[in-house]
Amino acid sequence: MLNNKSILITGGTGSFGKKFVEIVLREYKPKRLIVYSRDELKQYEMAQVFKQNCMRYFLGDVRDYARLESALRDVDICIHAAALKHVPIAEYNPMECIKTNIHGASNVIDACLKTGVKQVIALSTDKAANPINLYGATKLCSDKLFVSANNIKGSNPAKFSVVRYGNVIGSRGSVVPFFRKLASEGATELPITDTEMTRFFISLDMGVKFVIKNLERMHGGEIFIPKIKSIKIADLAHAIAPNATFKIIGKRAGEKLHEVMISEDDAHLSYEFNDFFIISPSIMFQKPIDYSLTLLHEKGKRVAQHFTYASNTNTQWLSKTEILKELEKL
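With my numbering, letter number 164 in the sequence shown gets 151, and the count goes up by one each step, no holes.
Source of the hints: derived by calculation from the structure; they are not laboratory data.
Idealized CB from N, CA, C, for every residue including glycine.
Mixed in with the good hints there might be a few duds.
As the list claims (entries may be wrong) - Cross-link-like lysine-lysine pairs, in silico, BS3-like; alpha carbons within 25 Å at most:
| id | residue 1 | residue 2 |
| --- | --- | --- |
| 1 | Lys312 | Lys288 |
| 2 | Lys196 | Lys86 |
| 3 | Lys105 | Lys16 |
Claimed, not checked - Estimated spans, in silico, between C-beta atoms of each pair:
| id | residue 1 | residue 2 | range |
| --- | --- | --- | --- |
| 4 | Ala240 | Leu280 | 39 to 49 Å |
| 5 | Lys16 | Ala174 | 44 to 54 Å |
| 6 | Asn143 | Gly47 | 35 to 45 Å |
| 7 | Asp61 | Asp262 | 33 to 43 Å |
| 8 | Glu242 | Lys307 | 39 to 49 Å |
| 9 | Tyr31 | Asp277 | 43 to 53 Å |
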């Protein structure tokens, strides 16, 4: 799928980007693999690890359309991972979040259409489903932009889809390194929003491989959602610091007790497959598409009328043993 292809990933120096590059270089032979991001230090550090001849490092911001267009010339596949994603910081700096997550998404779409990129997948978040914080709202808007791009492309053969999943275990800024830091400092009390709080969790490897697989199955216009396991944040804290007690601090600005990846409002658009879901577009494209059948000939079925896919009602949960195994991998 990725052999002899030119691939660009925005936000390529982030947790997802580094794992994406690692897996692509290990399992495929790309013609070019372009890391596009705005942090020169992170690019310098990444270039010390990934030195293959196919690697390219482009300094640039998704807010800068001209630079994006230049970087995307002769690119076959674009993975859009750049985003401002810290919920409290976005609440305090709303316009900065909007400029990157919405205006940046629009720039990526326009530049891909202009330069002839064939496939585009944008990364989303569970916070985009029924959002209550600015970050989630901007990502919902971004999702809508990428889905609707399939309706405005005219005769352009480009395809745009979205991948939505939950928290990535151990990613930068997540709760795992935060709890670990406190535990290493000898903390006997960990701050917990609520003992009943739940989240979806996915490993970086699984997230990257899910994105790559969807490049093969995408029609364009889908939101792909993997079937992943839930976890209680209190159980995660116990696994990291077994002897620590909890200090209940209450919800932060824009924080939910549980996360949703498919809301009841989207049930009528959703299909269930063996190990993933698809939310089909709410708008009609020029050419009707049967989203119950992927390009890999996987057959899905419509979900029930009042179906929701939420972290607290999920049927799959990480056990204590699985939590410890995931922590060991980090």
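Hint check:
no., hint, in the structure
1, Lys312 with Lys288, "violated, 33 Å"
2, Lys196 with Lys86, "violated, 29 Å"
3, Lys105 with Lys16, "holds, 18 Å"
4, Ala240 with Leu280: 39 to 49 Å, "holds, 42 Å"
5, Lys16 with Ala174: 44 to 54 Å, "holds, 46 Å"
6, Asn143 with Gly47: 35 to 45 Å, "violated, 23 Å"
7, Asp61 with Asp262: 33 to 43 Å, "holds, 34 Å"
8, Glu242 with Lys307: 39 to 49 Å, "violated, 25 Å"
9, Tyr31 with Asp277: 43 to 53 Å, "holds, 47 Å"
Hint check: violations occur at hints 1, 2, 6, 8; the rest are consistent with the structure.
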